[in-house]
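Student: With these hints in hand, go ahead and build the complete structure from the sequences.
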Amino acid sequence: MEASLIGFAVLLALCFAGVPLGFALLLVGLAGFAFERGLGAALAMSGQQILDFSTNYGLTVLPLFVLMGSFIHRAELSDELYEATNAWLGHHRGGLAMATVGACAGFAAVSGSSLATAATMSKVAMPPMRRFGYADSLAAGSIAAGGTLGILIPPSVPMVIYGILTETDIGKLFIAGILPGLLMVLLFFAAIAAATRIRPRLGPPGERLSPRARWRATARVWGVLALFVLVIGGIYLGVFTPTEAAGIGAFGAFLFAAMRRKLGFAACVEALVDAGRTTAIIFTVGFGALVFSNFVTLAGLTAAMVELIRSLEVSPTGVVLAMCVLYVILGCVFDSLAMLLLTVPIFFPIVAPLGVDPVWFGIIVIVVVEIGLITPPIGMNVFMVRSVLQDVDTWTIFNGVWPFLAATLAALALLFAFPGIATWLPEQMVKF
Amino acid sequence: MPGLAASAVAWLTRGLAAVAALVLFAMMGLTVVDVFGRYVLHRPVAGSFEVMQFLLAILVFTALPIVSHEREHITVALAEGWLRGRLRRAQELFVLALSAAALAVIASRMWQQGDVLRETQAITGFLLWPIAPIAYFAAVLSGVALALVLVRLGASLRRC
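So the sequences go chain by chain: W and V.
Residues in the first sequence are numbered from 1 upward in steps of one, following our numbering.
Residues in the second sequence are numbered from 433 upward in steps of one, following our numbering.
I should point out that these hints are in silico values taken from the structure, not numbers from a laboratory.
For glycine and all other residues, C-beta sits at the position ideal for the given N, C-alpha and C.
No false leads were mixed into what you were given.
Take a look, some chain W residues computed to stay more than 12 Å from chain V by CB distance:
1. P128
2. R212
3. P353
4. D357
5. T375
6. S387
7. A406
Covered by chain W, according to a simulated footprint, are these stretches of chain V (three or more residues, beta-carbon under 8 Å):
8. 493–500
9. 527–535
10. 566–573
Tutor: Structure representation (C-alpha cells):
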C-alpha cells in the first residue's frame, strides 16, 4: 500500500519533469515490482506482458479505427456536413453554432477522435459564424465542445482502449455511446439557446432555406451516413466483430476519400503513417500502464481501496461519483488517452466487485474525459481550436466553453439518474 | 548532429515509415478480404487471426523508433515552460536519459522473450509459425529506437 503511494508520487514527479508518460510508468512500475518481488520477477513479468500486449488480436481494432479516422480526416467532408446541418438549424437564434455542434456529431459518427473533429470543424465552421457576427467565444466554444462528441459518438478510440483494458465488449460500448451522444447534442443545443437568449448578440440567426435546398444539402452527406450505418450497424446486428468493422470502416473511408479525389498516393501514405505513429504512441503508454498497474495490484492498493470502500459503506454510485471528481482534477493535468490508460486499470478493479455495470462505467468515464478536454489549464480541444484559429485567444475559447461544460455536467447527472440511457440500447443487440 | 548522421537518420525514419504504412495497409486489406471471403465466397482466409497478430506487433515496433526520435510520446511536461537556460538543458538530458533507459529495458526484455520462445520452440496454434522471430524483431526495433534517442542524447550533451 505505502509502496504504491510512493510509486504514484515518483510517477507524478517524473511526468512533471517531462519524461514521456509511457516510459515513466514502465520504469516506476518495474522498480516497484522489483521492490516487492525482486528484479528477476519484475523483468520477466514486464517482458511477457509487453510481448503479449503487442501480439493481442483484440488490439488490432485500435490501429484500424485510428486509420479510419485518418482517412476520413483527409476526405474533407466537413464542408458538406456543416452545410447540411446549417440548412436545417441556421435560421434559429444561435443556429450557426447549433449547426456546428450538429456537424461535429456527424463527423464524430465516422471518426473516433475528438481532436480530429475539433480541428476539421475549426476550418469550416468559424468563417460563416464570423460572417454572421457571432461572438468569437460562442463560435470557438461550440467547436471545441462539439469536438468532444468525437469520442462519445461511436466509433471512438478511447472506448476501444477502455474495452481492451477492462475486457468489456467494444461493440456494446459503441452502441452504448449512441443515446448519450444524441442526448449531449440536444443539451448542447439547449446551452446555445440559453446563452443566446440571455445575450442575443452572441449569435444572431442566419438565413432560412427552402425545404428543397435543405434536402439537397442533406443528400450530399449520404457517404457519412452510409459509412456509419455499415460500421455501427454491422456491429449492432452482429455481422462484424469490432475488429472487422474497423477494417471495413477504414477501407470504406479509404474508398470514400479516394472517390472524392482527396487521397493521392502521398496523402494515402501519410494517412497510414499517421495512424501507425498514433498506434505506437498509444502502445507505448499501454506497455507502461500494464507494468505499472501490475505493481499497484501487487502492492495491494486495489485491495486496500476496495476494503476501505466496503468499510465506509459508500454506495457504488458514490464511489463512481468520487472517481468522477478525481477524473476532473486529473483532467487538468493529463491528456485524455493518458488519463484512460493510467486510471482505468486501477479504477475498474475497484468498481467491478461493487457490481457497477462495466458498459455504463465506460460511458461515464468517456463523459468525464470529455470534460477534461475543454477545461483549463490543459483542455486539448481548446488548444486544438486555438492552433487552427490563430487570432482567437485561448481564454476567449475557455470563456465560450462554459455553457457547454454545464451541458456536459447535466448529461453526466442524467447518466447517473438514468443509467438506462447508456445500457438500454446495447441490451437490445442481436445475440448469436 | 553532423550532416551525414542526420541524413542517415532521416533515411532510416523514412524507410521505417514506409514499412509501417505497408503493414497497416496489409492489416486493413486482410480484414476486408477475410470478411468478404466469409460472407460472399463462404471461404474465410485461414489463419488470418494469427497473421493479424504478427502484423500488429510489426506495426507497433516499426513505428516506435519514429515516434521516439521525433519525441511524439505523450508527455505532461508542465516543467518545460518554466525552466530556462542551464536547468532547461539539464531537464532535457534527464528526460532523454530516462527514455533511453526505458527503451533499453524494452529491447533487452524482448530479446530475452525471443530466447525463451526459441528454446521452448513456441509456435502459433493454427499456422504453426514460430513466435520467437517476432520477439527478436521487437527487440531489434526497440534497439533502433534506443539508438536514435542516444544520438539525441549525445547531441544535447555536446551542447552543454
